[in-house]
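J.: Below, each chain spelled out in residue letters.
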Amino acid sequence: MKSDQLKSVGALIGVMVCASVLSIWLAAHFRAQMVNVSMWSGWILLVGFVLIALFNLRKRLPGLPLLPVRYWLNLHVFVGGALIGVFWAHSGLWPKGAYEQVLAGLVYALVVGGFIGFVLQKIMPLRLNQVGIEAVYEEIPARMAQIERTARAQVLDAVQSDPQSVLATHYSEVIAPYLRQPRHMLGHLMGGVSPRRWRQHQAMAIEKYLEGPSLDRFHQVLTLIDEKMQLDAAFAYQAVMKRWLLLHVPLSAVTLLLIFWHVLIVHVYAL
Amino acid sequence: MKAVIRRSLGILNAYYRPNQRYECGRGCEAGGACLKGPTNSGGCQGVRGCDPLKVDDRWVCQRLPAAGGPCADGPSPTGECCMTHPPCAPKPTLRTVRGRLSLVALLMGVALLTVSLTGSEDQSGSLALDAGPLSPSHVQFTQEEGCASCHEVHLDEITQWIAAVGTESDLSSQCLTCHEFEGEGTVPHSMGVARFTSSAQVGAEPLQCAQCHTSHQGELSAQATGADKTCLSCHSDVSSQFASGHPAFSPTYPHDAIRPSIIFNHQSHLNKHFDDAEYQDKAPANCVGCHDTSRAERTVPVKSFESVCADCHVSQISQRPMTLFNFPILESPVVAAEDLEGVCRPQSESDANYILADAKQQVVALIELSDVMKSATLRDLAVDLFEANRVTEDLSQTLQDVLDETSVQLAKDAPEMLETLERLADDFAYLLEYEPVSDRDLAPLFSQLIAQPIDDADAYQETVGELLLAIAEDGDLSALASLVEEAGISPIAGLRGLSPVMMRDAACGWLQNQEYLSGFDPEFAGWSVDALGVNYTAAEHADPVLRTWIDFVATSMPSESPETSEVFDAFLNQDGGAGNCVKCHSVLAVDGQMQVQWNYAPTDEAPLVKYDHEPHLNLLGPGAWCASCHKEQAGEGFADAYLAFDPQSYVSNFSPIGKEQCASCHNDQAISESCSTCHVYHVGHAIQMNVFDQIEQVTRDIEGHQSKGEDTNAATNAY
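Chains as they are written, first to last, in our numbering: chain A, 1 to 271; chain B, 1 to 719.
Calculated directly from the structure, the hints in this document are not laboratory data.
Please read these numbers as outputs of a predicted model, since none were measured by experiment.
Heads up, none of these hints are tricks.
Computed spacing ranges between beta-carbons, pair by pair:
1. B:610 to A:6: 50 to 58 Å
2. B:612 to A:108: 38 to 46 Å
3. B:79 to A:200: 50 to 58 Å
4. A:219 to B:31: 22 to 30 Å
5. B:636 to A:24: 57 to 65 Å
Covered stretches of chain B, going by a simulated chain A footprint (3 or more residues, C-beta under 8 Å):
6. 88-100
7. 130-137
8. 166-172
Virtual Cβ for every residue (Gly too), placed ideally from N, Cα, C.
Next comes chain B alone, as it looks inside the complex (with noise of 0.2 Å):
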């Protein structure tokens, strides 16, 4: 009934207000809240029952009904209630607690992030900016810089970093510092534009690495978080079922853009060659007798030549010598006789040094004569003769003042003696006429090496000339070797074995325009000089100084016709070429430069394709093998594709593969047929070496400190 009354009256719970800040504090007590209540502050309004009213002159209590009603003992004369009570203690509301709990959180929140913040002197590690640990290899790279490894705002100044918030983070760019690619890192698989060939690539966007990549979680950190529809969202003409969706592979593949490298035959080899008696015992049972299906991935790399190749092809490496220089017909003699004094010792078999010795002969006998005795002019010709090891022009002088001077009485006396100093005169005259011992040309790859044409005497002569002279004098290969490197070879690679003795000695007798009499076996493998020329000739496969040599001659050559070069003869003909090596190494025209494949490497055709043939060896079975995809095709054209130096010519051996064949096991039904099964994204993805050289400074430092017996933990703290 008294809560009716109180609720009639409105002031029910008028003082028991929760949404305001305290709460009278006699609320538990039977009499429950005082009607006043407390102030906003949290002071206690209810020590009195009521504030009395003047009336008139008279004080008027003013209890509310609520209370009990006016008191019957009324206000004093002064004015004062006479219900007075000690004072409550005001408690908080629920609000005002929920309110002061928020506050507090909230002072938490900014504690810890104040005391996160200032915990560490570059914050690396603090919580505040804990977006979760790195991969491995991003800690190693990171440990020295931190955050600001890759984060260039992190130590920067408060100003900057708040301007930050509204400038947008290149973040890509601070990866592809590291991470290099083929092409661009931000356009569609990083590919060279050349690549494209799909218009979903042409004109895309520009990507950002973290569309697909994070950081920031631990071991799964950068692992793209790629999947089928990832893919199709660019290539929309395709879909996800490999059956259904996959377009048709080309109608050569996997034989499309980019041929072998190593010009194998295989229809040949496997139809001809090996049935052939000779090499039958030679031949391999099967494909793994060649293919090395221990190392298969994209490819079943060939076993080494060593291996497979040797014991019918070695002997042809020796067949063809590299010739290095021919001594060239030349229309003058390259230096003086006299000019040689002292540089090379006369050539003791040739025809002047017998003329000279039968002179001196003659001399002698003369002398015998004691009238010509009387002669001043023989005496000097006979010191001059003793003296001279060549015949020279004043030598043919003095001859002939003797001949002019004697020639009566010889006549007279001895006619013998006259005709015998007549045909030395003869005999000086026919040496001292030049005739060119040489009938060759340059050879073609001097001729490349001075870029000068091989039949112009007039163009190569001085070179030529200065060379030998060179070689003859300073009895070592230098000048040579000089000539070498200002075409861009290194004289170690190149002239690797050549003897200077040899060279010197063989530029001697070229200088003297006599051949060269070599003392060395021209079948022995390595340098050989012969008569005329300085020849090389390899003996084993993959012979680094023919190789540089080779190397040399397709890349000084034009890529336009190169067929109508001799130095293309000499080198990279198919059929005659120095050491065979063209005969399988294919050439090829690249950016305008015809160069050797060397390597039997694994063609960058399709880089977005990862077949990998292992797992399929595997499944095939050993019975099977290779010849269940890969079945021969009968045709001509493989020999002859290579001629042309286009690396897109190509007849395959072999039939092309189809995708129903791929289809009958990838599909919904069997093996995943997912993008990623058999595509990767990007093409050409490196690390640029700076990165290991920074991650090496590191761990030398370390193990310094290690060695020092110094606490590495220090050390590495120190990054």
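Here chain A stands alone, though its shape is the one from the complex (with noise of 0.2 Å):
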């Protein structure tokens, strides 16, 4: 991880350490002084929630003058940081209502998944970079099977000219399959050498029984193989990066739901 990537999140990090404990320190004091530190932490948590909420929805309207996005990112990230350290002072680490324990889970999944999605967009630009090919996350797909396709017309001008090649076989069983869909995600996020292995393994497994043009063809179809692990890892990063905002946005509109019953409640039995 570069430098700046590194300070994003030590900076975030460092916003979510700082507002705890200014948030704690906050609640003691102002408890000490007889205020009501529940109903001004929450009252400070619900326009927090609303307001990195609203980032979302200034994605939608990238036509009106408000600023741009990345401030907007900024917002969220590290408004949303902060509040845990007010949700801390707000309801201790883990309150005693069934309710608000499933309140408070969602809110740890929220922050933690968010966090977590924070790093994946520094890290993953990064090792992007590193895979020394550039491709839209939409056009991998088209991309696999164009080179599938590429090295199936190899293997046929390869059985064409030797019939008995065992290259066909290989293709259909082993090599076939890797070509058509995205393989070894987890081995590629993770920097594991599992992908490499494994394309190591299959040129020893068969290579030997090749031999004149069998054996040039195969070559060219471990070339398709290379630029298919290539974009396996973009997939992979890419995929990574989009698909964590799967879990992170419906918990969050779920979130908001109950956190407008809890505010609703406490003003009904408790305010």
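Both chains are given apart, each in its own frame, so use the hints to dock them into the complex.
T.: Put into structure tokens, the structure is as follows:
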């Protein structure tokens, strides 16, 4: 991770720690002053959650002369991080009521998920740069299909010149399924060697049975496998950047709903 | 190269539009997505290579260069594209999937709330309303009404429920339906305003219970969340450092405001009585001889009277009996003698009986004189005399008539008899002339009871007469009991042990203006009647009868100059009061009323202090004991201070204790010095009795179910 990205993650952690310490200290201070800290921190939380939820709305309104989205993103990330401190001041680490525990669980899931997403957004672009290929996420499946078609053509050529070649069988049973869709996503994400080891294993497994044109064609197929491996990596990095929101956004929606109910109940019963 | 061309034409990703709802279903194929892409509702638009354009009379292929440019075959004569293929199945984009997941999550949230709210009849225990477990004690009293026990809005209609959103909930008043304090629950320290001594308290904003106490925290519910800072938020003139920031104790601490209820002069006992050879063997060895350290808390209470005081003081109790009633001086007979016929027997040993018996003898002698017997008047006299059991006006008149009739003849025939009759006439006249037998005033206690002066016979005669006659006629104490009850005293407590027979006999005697001759030895304890009075002697400590009357005297006595009252001397004088009670039990004037301090009660001075002797005793060890802190102080005025009825009038036998003494241990180097170490917040906290009644009712009902062999869980759930 480069220093800029490290700084960003460090800044977020710093904001979270500072906000937590400050919130807890302020809560203790104001509680000693007989101030209704729960009420005030609750309102701060509500306003904070609504504010960071507006980021999603802002992204849908590109035409309006609002601040650039990057400011909204920073606001979303850092205010969200700071709210965890306010949350602890509001209800402690883990509230007692079953409903509040559900709500706290959602808040923790949101904060943890958001933090992980933020870190991913900082790490993955760097790793994309290291892949050595530029690929638009939505185009990757088509490009993989194109690679598979090219590889198949190479294998067909080899079979025509050497009908006894084992390349056709090996291709249809092992290589074609690999080329048709993204593979080794976890291996790429974790930075492991499994994709490359797989490629070497395939090469060693078949290479000694090939000769002449079949071997040449197989070497061309291996080049396509290398390209496919790069696409796999690009796909894995981009997918994780996009798909973590499939968890974060629905959680945000249900959390906001339960927060509004909580505010309502508190005002009916206690305030 | 191809990608560069497509980018330069601005059509790269033309229909890879992740911000739209659908993407082309052929995005995974080698040719990639079509250039038209799906419709917004998910329909395929890529079944044709292009939409041919009619130019003049010919259809022209419109296929884009990125898709290969115009095709060789071109459109059909009817304008249809020659490159058609089956439609794809457009796929939702990630954004659409995200939106759908969000919608599902929202619906699940709504479903969760709805199911939770409709789960039970009164929503008690509903997840959507579950704010956390209550403390065990709060669980008990909320069993019956559930949430509505504290939250009135809980079972309201939905309109009221919604209206409650904008209405301030008064939860503190709900707390105060069970919790009560000395003063208002929402004023600082819950103290009565009279106790306010700090400027921080005066004019302070009302507080709410929830500012310090949280509920729905399980075992931790209702515990105050206070800390030193909470105290200092109002008490800004002190700091949490006891040694340096706490104000100095008062010069007389801890003997500041309220004196002890028992008058015990440590100095005279320790230095005088316990050294006296007569009492040395009864004297305690040290402080714990009298003070019970096993019950040491705020105070170290003394042991019982019987175990520490009785050896020397119990005999003093019976030395001072109480007089309830004296037959007082009366101006005239209370009741005419004839009205007592059938009510009281004549007093057998009285002058009247003697004279009457003598008269009968003399009349018998007269009758023996034959001439005199001719007198019809004498016959009448004889008949009247033998029928009468007391001397009456009629009898006296008859005797006078006989004298008038026979005096001449008797003077001649029997001058001694004449002399005897004349003496009898004088005796009858003497008996009929009233001379009060008593020279006493009304007893002060009875005077207080009937609210009449002790020496105004005109004022009390009628009441006394009626009472004695009622006792004599009824033969019981109902009249006296009524009188006592009217004064606010329970007859059962005040007249316990008083014999109605003894009272009737005494009343008969006094009604006949005679002294009562009792066979009861007045040295015995209990009720006794002497010649002219009804007395009570207590034999032991804490006699309930004597205490009842002393309380009556105290409460019915004016607090202004009570010493001037006769009844004060009889009961509340330290040197002469009945039973010698107030020699040790101090008397106070509280709210305009005198009050005898019967119990050795911890004073409520400094109610915010929670000093506990017990750990200090252990800390100091048995060798150090009390004198480590409580040092004797020579000086006068201890006993005199108790002559005043002001509870603040007190001169201690001990030196004051300074803050330094506490700070030697309670400092930042050694033992805790936080505010809550020595102070409490609330004053006079108690739980109202109706709460316990409710809990008892619930317990009884459950036990009832158990005794019937029913399912107690069902019974419990019913609440």
